[in-house]
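Participant: Listed below, chain by chain, are the residues.
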Amino acid sequence: MYPKELKYDREHEWVRMDGDVATIGISDFAQDQLGEVVYVDLPSVGDVVSTGESFGEVESVKSVSELFSPVSGEIVEVNSELDDAPELVNNDSYGDGWMIKVKVDNLSEVDALMDADSYEAYLAEEA
Amino acid sequence: MGEEGRKTPLYDEHVALGARMVDFAGWQMPVQYAGIIEEHTAVRDAVGIFDVSHMGEFRVFGFEAKDALQRIFTNDLDRIDDLGTALYTVMCDEDGGIIDDLIVYHTGDLEYLIVVNAANREVDWDWITAHLPETVEAVDESDRTALIAVQGPEALAVIGELAGGGWEPPARFAIGEATLGSTPVLVARTGYTGEDGVEIVCHESHAVGIWRALLSFPQVAPCGLGARDTLRLEMGYPLYGSDMDRGTDPVTAGLGWVVPKAKTGYIGAGAIARVREAGRTRALVGVTVGEGVPRHGYPVLREGVEVGKVASGTFSPTLGHGIATAYVPVELSAPGTELEIGIRRKVVPAVVAKPPFVKTTSLSAVGS
Chain G
1 MYPKELKYDR EHEWVRMDGD VATIGISDFA QDQLGEVVYV DLPSVGDVVS TGESFGEVES
61 VKSVSELFSP VSGEIVEVNS ELDDAPELVN NDSYGDGWMI KVKVDNLSEV DALMDADSYE
121 AYLAEEA
Chain P
1 MGEEGRKTPL YDEHVALGAR MVDFAGWQMP VQYAGIIEEH TAVRDAVGIF DVSHMGEFRV
61 FGFEAKDALQ RIFTNDLDRI DDLGTALYTV MCDEDGGIID DLIVYHTGDL EYLIVVNAAN
121 REVDWDWITA HLPETVEAVD ESDRTALIAV QGPEALAVIG ELAGGGWEPP ARFAIGEATL
181 GSTPVLVART GYTGEDGVEI VCHESHAVGI WRALLSFPQV APCGLGARDT LRLEMGYPLY
241 GSDMDRGTDP VTAGLGWVVP KAKTGYIGAG AIARVREAGR TRALVGVTVG EGVPRHGYPV
301 LREGVEVGKV ASGTFSPTLG HGIATAYVPV ELSAPGTELE IGIRRKVVPA VVAKPPFVKT
361 TSLSAVGS
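Going down the list, the protein sequences come from chains G and P. Position 118, counted from 1, in the first sequence is what the numbering used here calls 118; the numbers after and before it change by one each time, with no gaps. Position 138, counted from 1, in the second sequence is what the numbering used here calls 138; the numbers after and before it change by one each time, with no gaps.
These aren't lab readings, by the way, just hints derived from the structure by calculation. Possibly wrong hints are sitting among the right ones.
Said to hold, decoys possible - A few chain P residues that face chain G, going by a derived Cβ cut-off under 7 Å, partial list only:
#1 A16
#2 L17
#3 I37
#4 G265
#5 V293
#6 F315
Beta carbons: idealized from backbone N, C-alpha and C, even for Gly.
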């Protein structure tokens, strides 16, 4: 369950590019590991994120995970639907479960991320 | 890698059902199958089953069994003089520190069945047997005994079908024999979820058969330790190791109701009486939050100053927000008192609330 048009990082986030705007969420593997999501703690529009740094948290009954940004840039949109419907992260992790949109400073950062096949191989190696 | 944990007779069933297994008190146990919230909801709305075979079962018998246990347990066994009745109690050391909480069943003339927490099985066995006179015998039946909890508004209906015509369910907090299919078992109308239901005590060789028979009912959901924790915390039921430990006395822990003031002559009585006389300085209270999930060890604050720590904390699937227990100074223990909880980088408002957090269940209809 790893859409081919997306890029992935080692912390299990995915990236969908549209021009220089990256939509970011967590992968199917990550949502399955977490279990039913009850809270998503996200930053605000206008906040700046840096590659590899935490931009928020996603929480289930039994665990909390930090969200790490795969890119650097300014946040242009945040998925406010996750306030009332955190389960979207589980049910539609690549669609309505998206978390933030970032105007990427440096597009070459996106090229450096894993494609779907590399991410699947990475998961197989992790297990 | 580490040492492999102990397995209950139902281990292979859990793995076959796709359960996520974790270590709990040295046992490999299912934390969830379909998901904690889904399982929790199944118990509140219909019926769920739990493998609790890791718990300990001891049988104590002899002419002086009752007297011996009266000296070891805080609660009064006079309350279970009727055969087939059960009593929740704690067991304390000479300083009044809680060794474990447990249930005692009066299963026969001069005979009692004691069910203890898995984490304390060895400690409890050593403590109880060290305090029995020679005329009282104890048998550790834990390894040959399986325990399956069946909980929810539809639990009794399922057991009734398995037990067949002519079987009457025991009264609340009573235990009796039954035959499920062709298997002789004990059925206790007790539980840790706040719903009506039973706990089935059977020989370990019959555990798989009974588990599968229960799952043959489409409304029955297998439930793991994750849901067990959210269900019990919604009711304010304490968990040893989280809400109390050897350093806690029962009065401070809010368990004074299992330590009747009129009873004397048991281990720890003097220390507990002194706490009562002096008045407790801290109390275990229930707390609700509007956002975030409080967890064990998180700081509890009053106007920015730390006054205590979260004991147990979780997300309440029924209520849709976080709930917790915490030890706070007794002056801050009244329901409605405004506090804060530090949830990692944030400080969120919290309110003292008297448990149960969920007020209406199938059990509140029956009466515990």
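Participant: If a hint holds in the structure, say so; if it doesn't, say that too.
Facilitator: Hint check results:
no.: 1; hint: A16; result: violated, 19 Å
no.: 2; hint: L17; result: violated, 16 Å
no.: 3; hint: I37; result: holds, 5 Å
no.: 4; hint: G265; result: violated, 43 Å
no.: 5; hint: V293; result: holds, 6 Å
no.: 6; hint: F315; result: holds, 5 Å
Checked against the numbered hints listed earlier, the structure breaks hints 1, 2 and 4; every other hint is satisfied.
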